[in-house]
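Student: Single-letter residue listing:
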Amino acid sequence: MSLPLAEKAGQHPLPIEFADEKESIKITGFWMFLVTDVLIFASLFSTYAVFRTSVAMGPTPDQLFRMGPVMLETILLLTSSFTIGLGVYFMRKGQVRALMGWMIVTILLGAGFVGTEIHDFVTFAQMGATWHTSAFLSAFDILVGTHGAHVTFGIFWAITLLFQLRKRGITPQTARKVYTYSLYWHFLDIVWIFIYTFVYLNGKIV
Amino acid sequence: MSEAPKAMTAEEAYHNENDKVLRFLEPRFHEEKFPSIQILGYIGSLILTFGAYFLVMNHVLPPVALLSVILILAVFQAALQLGVFMHIREGRGLAWQLIPLYFVFFVALGMVAMSIWIMLFKSGVS
Amino acid sequence: MPSFVTYLIHTLFPPTVRFPDILLIDAGLVLGGLGLIGFLTKTHRWGWLWREWLTTVDHKKIAVMYLISAIVMLFRGGIDAEMLRAQLAMPSVHFMPAIQYDEVFTTHGTIMIFFMAMPFIFALFNAVVPLMIGARDVAFPRVNAMSFWLFAFGAILFNISFIIGGSPDAGWTAYPPYTGLAFNPGPGENYYFLSLLIAGMGTTMTGINFLVTTIRMRAPGMTLMKMPMFVWTTMVTSALILFAFPPLTVALAMSLFDRLFGSSFFTLTRGGMPMMYVNLFWLFGHPEVYILVLPLFGVFSEVVATYSKKALFGYPMMVVSVLAIMFLSYGTWVHHFFTMGAGPAVNAFFGLSTMLIAIPTGVKIFNWIFTMWGGRIQMTTAMLYQMAFIPTFVIGGASGVMLAVVPADYQLHNTYFLIAHFHNVIIGGTLFGLLSGMYYWWPKMFGMKLNERQGKVAFWLFFIGFWITFTPQYLLGLKGMTRRLYTYPAGLGWHELNVISTVGAWIMGAGFVALVYNVVWSLLYGERDVTGDPWDGRTLEWSLPSPVPEYNFARIPVVHERDAWWAMKQKGQTMAHALRPEDVHDIEMPKNTPIPFLLGVSFFVLGFGMTFKWWPIAIVGILGVIACLLFSGFDYDDHHHLEADVVRQTEASLGRLQG
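As given, the protein sequences belong to chains A, B and C, one line each in that order. So for the first sequence, my numbering puts the first residue at 1; every next one is plus one. So for the second sequence, my numbering puts the first residue at 207; every next one is plus one. So for the third sequence, my numbering puts the first residue at 333; every next one is plus one.
Hints were generated in silico from the structure; no laboratory data involved. Keep in mind it's a predicted model, so treat the numbers as computed, not measured. Backbone N, C-alpha and C fix where the C-beta goes; we use that ideal spot for every residue, glycine too. One or more of the hints may lead you astray.
Each pair of labels, with its calculated beta carbon distance range [claimed, not checked]:
| hint | chain 1 | residue 1 | chain 2 | residue 2 | range |
| --- | --- | --- | --- | --- | --- |
| 1 | C | 655 | B | 235 | 53 to 59 Å |
| 2 | C | 954 | B | 240 | 43 to 49 Å |
| 3 | B | 240 | C | 379 | 57 to 63 Å |
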């Protein structure tokens, strides 16, 4: 409802990103975007599930996947999810320097994730396992690649947010932007957990 | 149109007349002096991840059971991320994101499961 | 460089776009474009066009632009339909060669679904939803403008295909392997995938926008069960869009990758599986048909209540049935490909779930009839469309239940029976609903009524033409005529029925001409609506003057009843009596911005470059997109304050201010 909320003294104050009604509506909107994105990934997972055994002349999941880099990527992404969570915690305390510090850590961890993933894909390509090879590899590449593209986009998004934070500090607007960014980042972590489970670990169950 | 809109308290907005049925959308905020929930959540997520890893690498269960168990662990992990880090229950007014989120996980699960079921035909008929 | 020029001519103008009729259209488009540019220059309207329309974020103006695009696309799709019927009127006619026939039925279907019905629906959403819920704009005005421009440039990209490079020709569903590079090397299918991806992004954004608008922007006191029925269907449709478009996006992107980058999702080699495309496409496609029809259920609910002078019968059941349709529509998609042979269990499951949908739909039909029961019915054009809708949709729905019977579907699949069925529901449900809504809300959008007499002529032409066109097609389907035949030999017993069907199509064409005449005539000489409430309406949009001022509501209303405006009128509490100068405050309004338009242009450039695999052009487009995103990310200056005095003056000039 769009009536102004009367903040009673002693009542629980709203966090800064919800303080402005228009900004809080944007947070709802971002949740709805995440809902569609869940289904983008669900469609990709469906394709992967169906094509998992269509390996043609190419390698099978078990032959292809190496768990070392995957575990590294998982730890990097889980840690980055934790650090951006800390960033939002400090944002709500109004500590802009701590927020920016944790965001920079998040960006670096995210960059480590993308770097490892690219290295992994290049290795596959050198083995001749590209998406020309089989339907399984096409589905694998588009699923993991879409996630990687999301992470890459998130890194650049975070960089633009850092500039805005440096210029404006924590306001209802910048706080809302950081909050939606953190939602996005945690969401990518959730997607990765399913990729980790359903693609990589599942590939090792023979 | 005789009444001018007057400010409501947050409580009144949530309990506004007919939307009482939507009580489950009432937001909950949490605030701590120290980010203990975040730290516990991080430790929990690492345990779930490595737990799944060791279950698979040591082949402790038959394949189908193993896959089910690690998928359940993944769902726990998702719930943990949503609850601890994404503040799923927070909002100004009602936390409207809950309904689409419940629905989307249902649809996503249905989409993957039904697609597998439907596309099994390749092994049967042709 | 002559070889370069030859290459360009061969790529952009292959023989398939050098048919005489297309060359004639080329000339017409060039002349028309030059004429338009000349007119705008001569009347010094470029600045006006830029400031008032291309950069606007006002939902009412965006609605008008959606409406114009939809009617233009209705014309294009209608011409395609007339060409198809002309070809099929007689046996062994070769009015069009097979390739052109394929292109025409593909563009007919695609345009009517994605570029006519969808924008028409969004026109109605934009025109009235914020007014019905007592809001000053949609939740995200800029995103709304982006949605429109993405749709518009997607539509342009799709439509230029028939003059540059060749149209898609694999049907509106674009099944592989028809779309595979091996069988379809031209740029046509690239156009299809890219334009739908671009327009689909816009549609998804519209879905998010209206979902958030309806759940977060309602006037105080308007609880869920006090929303007008059209707002309910808007909310549910937006949710359906959110849930349905992702699989389409994924399916289109995968097909495009197969064509452009050599992946093998739906190829016949290397383990690819074309049927997976079909699965994903209909995961989108079935909710899509409810996206196309649910908003019109909302329109009919408003129209029938207004013109019967009664509250909608069984409002809670209507809400429940809309929600039931939403849930069920996700569980029926396999009925579009029963003949794939997924096995008896799968087919039985989806056949049953399809039949289940008939129940909530039937509930709604009865509710509309009971709303009319005992009411004082006014036979306006909008109401005529509503009354024509009921039998048409019931018959279309019943033939749909016939198709849901799996063994019968094996016989009827891809015959003209199917064609007749879905035209029966899409024209009877969607098009009649869109026109009903257009006649109903026209005074609110443009400040004048459409001429009723001419409107009724157009209605009868549409209605009669519709039945003459599609009744014979049921029989043709039963006689074994399959869809997408470009011609047929004499002696199969199909001839007479096809002639009748073609005559019906001409009558519908005449109906379209009457409709356009009605619109143009009414814009010039139509009866002005000075009251703001020409139909004695029930919902809040009729509490405002027509056309609505920029800020919609000088003061946000407080809602106590379901039909809020009707209740206010009963109690004598209309806005005009109650608004005092001190009630008016400064209003925060969104500011115009060129970014949505430029984003659309960038996506167009990107799409065009990718269609022909001219990567430098595509990269320019991507850079444009990035520039637009960066600019809007750093742009904090997105609203301005409308002074209370300006609002007071406007309201006073409309005679709505006390003192």
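Student: None of the hints should be skipped; say for each whether it holds.
Tutor: Here is how each hint holds up against the structure:
{"no.": "1", "hint": "C:655 x B:235: 53 to 59 Å", "verdict": "violated (30 Å)"}
{"no.": "2", "hint": "C:954 x B:240: 43 to 49 Å", "verdict": "holds (45 Å)"}
{"no.": "3", "hint": "B:240 x C:379: 57 to 63 Å", "verdict": "holds (59 Å)"}
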